[in-house]
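*Asks:* The primary structure of each chain is shown beneath.
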Amino acid sequence: MVSRAAWLYIVVVVAVTGTLIATTHRLPAHIHQRLMVLVVLQVLFLVCDSTKTPLTSRQTKWSPSSAATLAAVVLLGPVCAAYVGAVSLVSLRRPLLLAERLFNGAMYALCGLAAGTTYVRLHGPIGVPDAMQFRRIAIVFAVAATVHVLANHTLIWGVYRLNRGSGMLRREGLEASLPLLLASDLGYACLGLVIASLWMIMGWFSAMLVLVPLFVARWAMGQFAEQQRAYAATMNALCQAVETKDYYTRGHGDRVSRGAVMIARQIGMSSDRTDAIRFAGMLHDVGKLGVPTQVLQKTGALTEDEYAAIQLHPMRGLEIVREIGFLYEALNGIMHHHERIDGRGYPMGLAGHEIPEFARVIAVADAFDSMTSTRSYREAKSIQMAIGELRRGAGTQFDPLLVEAFIEALDFEEWPLPAPARAPADLTIVTVQDHDDPTAPLQVVVP
Amino acid sequence: MTGGTITERPAPDRIAYWQAVDSGRLLLMATAAMLVTAAFAVTAVEAQPHAAHHYPIYWAAALAFGGFIAFGELLRLSLPGGREVAPIAMVGAMSYALLLALPTYGYTKQSALLVIAVAAVGMAVGALPHVAAGRPAGITGICSRIVAVACVAFIFRPMVSADFVHKPWELAFSIMALLVCFGWLVDALIGALIRADDVGARFSVAMLDEIRLQWPLGLAVGASVIITVFSAKAVGLGILAVFTGPLLVTQLAFRRYAGIRATYLQTVRSLARVTEVAGYVEGGHSRRVSRLAVAVGRGLGMPEPDLLALEYAALMHDIGQLSLRDPIPGGATVLVSAADQDRIAELGADVIRVAGVLDDVAELVRCQSWPAVGHDPSPPLGSMIIRAANAFDDMVGGSINRDKSAAALDRLRLDRIEYDAGVVEALAEVAGRRVPSRL
Chain A
52 MVSRAAWLYI VVVVAVTGTL IATTHRLPAH IHQRLMVLVV LQVLFLVCDS TKTPLTSRQT
112 KWSPSSAATL AAVVLLGPVC AAYVGAVSLV SLRRPLLLAE RLFNGAMYAL CGLAAGTTYV
172 RLHGPIGVPD AMQFRRIAIV FAVAATVHVL ANHTLIWGVY RLNRGSGMLR REGLEASLPL
232 LLASDLGYAC LGLVIASLWM IMGWFSAMLV LVPLFVARWA MGQFAEQQRA YAATMNALCQ
292 AVETKDYYTR GHGDRVSRGA VMIARQIGMS SDRTDAIRFA GMLHDVGKLG VPTQVLQKTG
352 ALTEDEYAAI QLHPMRGLEI VREIGFLYEA LNGIMHHHER IDGRGYPMGL AGHEIPEFAR
412 VIAVADAFDS MTSTRSYREA KSIQMAIGEL RRGAGTQFDP LLVEAFIEAL DFEEWPLPAP
472 ARAPADLTIV TVQDHDDPTA PLQVVVP
Chain B
396 MTGGTITERP APDRIAYWQA VDSGRLLLMA TAAMLVTAAF AVTAVEAQPH AAHHYPIYWA
456 AALAFGGFIA FGELLRLSLP GGREVAPIAM VGAMSYALLL ALPTYGYTKQ SALLVIAVAA
516 VGMAVGALPH VAAGRPAGIT GICSRIVAVA CVAFIFRPMV SADFVHKPWE LAFSIMALLV
576 CFGWLVDALI GALIRADDVG ARFSVAMLDE IRLQWPLGLA VGASVIITVF SAKAVGLGIL
636 AVFTGPLLVT QLAFRRYAGI RATYLQTVRS LARVTEVAGY VEGGHSRRVS RLAVAVGRGL
696 GMPEPDLLAL EYAALMHDIG QLSLRDPIPG GATVLVSAAD QDRIAELGAD VIRVAGVLDD
756 VAELVRCQSW PAVGHDPSPP LGSMIIRAAN AFDDMVGGSI NRDKSAAALD RLRLDRIEYD
816 AGVVEALAEV AGRRVPSRL
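Those protein sequence lines, which keep their order, are chains A and B.
All residue numbers for the first sequence refer to my numbering, where the first residue is 52 and numbers rise by one.
All residue numbers for the second sequence refer to my numbering, where the first residue is 396 and numbers rise by one.
Next comes chain A alone, as it looks inside the complex (with noise of 0.2 Å):
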């Protein structure tokens, strides 16, 4: 899966590494009496490389190897720190493509190469640090790790690039979570220099003593990340089970909440707010709970009472979902997803930029999962039909930006269309049977 560009760049990458090692620096003297040092440093990195966790995202990997590389920058130099970084070519970390190997490899090498020459550039002094001098090795330590971290993301960012072209980091949020992730990588390179000041008192122990703290901060990061998995998870099941009232409509949240993030990352919508309108879309019909079920599966005209009760539908959900702690843009969006931009959409008739962003998304992606998918009066549109009349409704109905953004976001992604319908034999104890198995196709009656 590596494109033949992302493949040059990787072995540019490597060519470059190698040259300048083996060119324009020398190794230190005496550096068989530092082996130790450097085997040492070089099983850290090991150690922190093989344990990656997932920051925000299953795409976002996280190690805080990079506190081992700028240990070797103070203790040894840069040469040094380039062989620790390097020995991520033998990560114990599966499944790992040849060429990712090669890449980290070098790229780690690089990093810490460009971080130990900007140290000894500065005139931070090689060796275990000295306490006269802590100021000046801790304010160049500082740029150095800002080089690290800085030509650690651009070399990754590139290989990202070339490989699976700019759209890709936006629609995994990649482009949203940098911050954290320069934050949190940031952190840990300040770990280079304590394991550096511990060294002089408890040697290789110290490389252990840093290793308690973030195995720590690895755990509690893994247990982020698993409750999320089972938030989302618990999120969906009770979406589901609201949905059995409905079945016409099964799937139709969780289709909703993927256009809207869709959307989101289109336009550039910073993480938390992406993962606020993944929920809001996934709720943003929990309302019509509240809505009676002959209204709901009611096949001919509504009269005015009806339509009235399913009108109510975005209030009741607002009432539902009010305590949990979200956004209060996700909330907003759940309230107001039916205005429509001329204002005369419901509930309260709001109009063009009254409308919160989050309504105006979910409106986007509530209409096209509508029409496509079968309704009890009328069959599926195709994905083209929907478009059109989404571009017909831009302006009038829809955000005509986001209508825009949510077309070029299904160029480069599939829509997941509901199954095909098929009739039930019994209407009355569908939702009741249907339930055992949420994967079940749609079944609707088409009158």
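Possibly wrong hints are sitting among the right ones.
Said to hold, decoys possible - Partner residues aside, some chain A positions facing chain B, computed with beta carbon under 7 Å: (1) Gln291; (2) Ile371; (3) Gly444.
Just so you know, these hints were derived from the structure itself, not from any lab.
Note that this is a predicted model, so its numbers are computed, not measured.
Even for Gly, the Cβ is constructed at its ideal location relative to N, Cα and C.
Dock chain B against the given chain A, drawing on the hints supplied.
*Replies:* Relative to the frame of chain A, chain B by itself:
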């Protein structure tokens, strides 16, 4: 088909502060206050300008660690179960208590009382912005931290001497490791005592919960303290600034974990109300049942992870009704036939099992309709609790009328087959405690 009658209750932390102060808290605060007063008095007397050990660095260290502690107190976080902790403040205070030596200065000479004074001032300063922002001051947490630090400081400060500092680092390291564990245990012990008082848990269960929940953070704090002490000995106070980086990231990880746990619980709480909004059950029913069930479970000595599963199961115990085409009249499951109860329970368990991560919760929901006696296999304790709590709430509702609740309890007591006798007695105790302000 009406929904919207959701009763609003004040959250427990919104009761006036003096109402929440009980004997355990009072004892803790008095101890901390005594320690701090003594510390200030002695420090003020000792602070003669010409005393031998009054190098500028003596006060610089006090200032640096005080600032560090204040910063940590500012960034305190709430762990699951509403535990307020301030790991960075704890690292600062413990490190100051265990500080061995500083370069060019030699072994450190601050007394245990100075350590307490610095910790108290730092924590108070760090708590000020919280108070200004209208959040609780967290006095209980601060007192508990001060007592823990005092215990460690009183043991360790007298040991520090020129001789001690020149012994191999392994000796100091071992002593510190022991003391850090000791300090952590003191903190956990105080936490458990307070908690047992607050929520009516058994002390032994509360202590085990505290240890189970706090050990990862305690481990990180302990290791960080030792790292700080030794690296400060090597390179001086500057290391405090450097070490803040990794500490912040670690704390961030915990904050995010605690945050998602809280959101998770809130979401289940809110979504469990869909049965109310849809008119399947009476407003507030799921929340009352869950509150009752958790209190009963706690009274019966269930540990916290089980209580969490019980809370989720109690919140969602009626979710199976969503699969019914139309609501049961009145929504009270206690009034429908056993076969229907079984079906609702099974349907509810199926809904929850879809999540794939709450199978224990689903099991509790599934078994909630089983009679306590004579069913093979017999239902788990959690299910029996939910069954009793649900029946009680179906009969009593949100009412706090004592006669009504006594009548309902009598009815449960008479039914020895359906309801477990021990559970009903625990329920009676909880119901007897119910007071208007909490409900």
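*Asks:* All hints, please: hold or fail.
*Replies:* Okay, the hints, checked on the actual structure:
1. The closest approach between the C-beta of Gln291(A) and any C-beta of chain B is roughly 6 Å, which is under the 7 Å cut-off, so the hint is satisfied.
2. For Ile371(A), the shortest C-beta to C-beta distance to chain B is roughly 6 Å, which falls under 7 Å, so the interface hint holds.
3. Hint status for Gly444(A) relative to chain B: violated, with the closest Cβ pair at about 30 Å, above 7 Å.
Consistency with the previously given hints fails for number 3 only.
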